[in-house]
Amino acid sequence: AQKVTQAQTEISVVEKEDVTLDCVYETRDTTYYLFWYKQPPSGELVFLIRRNSFDEQNEISGRYSWNFQKSTSSFNFTITASQVVDSAVYFCALRSGGGADGLTFGKGTHLIIQP
Amino acid sequence: KAGVTQTPRYLIKTRGQQVTLSCSPISGHRSVSWYQQTPGQGLQFLFEYFSETQRNKGNFPGRFSGRQFSNSRSEMNVSTLELGDSALYLCASSPNAGGRTGELFFGEGSRLTVL
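Residue numbers (the numbering used here), protein chains in the order written: chain B, 1 to 115; chain G, 1 to 115.
Since the hints were made in silico from the structure, they are not lab data.
Treat each hint with caution, since some may be false.
Said to hold, decoys possible - Pairs of lysine-lysine, DSSO-like flavour, derived with a Cα cap of 27 Å:
id: 1; chain 1: B; residue 1: 3; chain 2: G; residue 2: 57
id: 2; chain 1: B; residue 1: 16; chain 2: B; residue 2: 38
id: 3; chain 1: B; residue 1: 3; chain 2: B; residue 2: 70
id: 4; chain 1: B; residue 1: 107; chain 2: B; residue 2: 16
id: 5; chain 1: B; residue 1: 3; chain 2: B; residue 2: 38
id: 6; chain 1: B; residue 1: 107; chain 2: B; residue 2: 70
id: 7; chain 1: B; residue 1: 38; chain 2: B; residue 2: 107
id: 8; chain 1: G; residue 1: 57; chain 2: B; residue 2: 16
id: 9; chain 1: B; residue 1: 70; chain 2: G; residue 2: 13
Note that this is a predicted model, so its numbers are computed, not measured.
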C-alpha cells in the first residue's frame, strides 16, 4: 500500500522567511509520480509540480524549489522569501506508474504567513 | 479556457437521502476523477473515468457510484446518505488517463452537509 506522510500539520512564519514543507512517501512501485498541490481557501487544488521516480533533479521555479531524494523517500518543498499570498494548505501526493488507485495524498500542511 | 466546473457548490441533505453531484471537465479533457475530502480522513480517491469507462475505484462502499457521459461530463451519486458522508467532493480532469497523467486540474468542489 502507498502512503504519504506530511508530519507538519501547521507552520506559521513571518513574511519573508524561508520555509520548508516536508513530505515522506512509501511505495513498492519502481515507477511512480510525486506531486505538490496548493489548496487556498476557495477549495480547489492547484497543481505546483510533478516529479517521476526516475528524475531526481531538484527544481526551482521562482521562489519555489523542490528537493527529491529517493534514498530517503522524501520530496520536500521550500518557499523562499515567503509572502502572505503563500498562505494555504499544501498537499504532497503520490501516484503509481500504473495509475491505479488515483492519487494518494498526505494530510496536508497548513502554512500561515504572517505579515 | 474554462476550468473544471462543479455543481452544486453547496448542498444540505438528510440521512437516508441520495445526492447527485456534477462535474464538467476542461474542454478536451477525457479523464475525470473524484476525491472526497474530510477533516478526519483527508483527501481520498473515489474513482476515475476515461472515455465513459470507470478505470479505477477507491475503497468506498457501493453507495458511491459515478458515470461519465460522451461529452466527458461526469456525475457521482451517493445513495442512503450517512452523517459521515459530509465532505468536500472534488472533481479533477486531465487530458489522459492513468499513470501517464500529468497534473490534475481540480474544481472548487461540492460541499455536502448531511444532517
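Quick rundown of the hints versus the structure:
| no. | hint | result |
| --- | --- | --- |
| 1 | 3(B) <-> 57(G) | 17 Å, holds |
| 2 | 16(B) <-> 38(B) | 19 Å, holds |
| 3 | 3(B) <-> 70(B) | 15 Å, holds |
| 4 | 107(B) <-> 16(B) | 25 Å, holds |
| 5 | 3(B) <-> 38(B) | 19 Å, holds |
| 6 | 107(B) <-> 70(B) | 21 Å, holds |
| 7 | 38(B) <-> 107(B) | 12 Å, holds |
| 8 | 57(G) <-> 16(B) | 42 Å, violated |
| 9 | 70(B) <-> 13(G) | 45 Å, violated |
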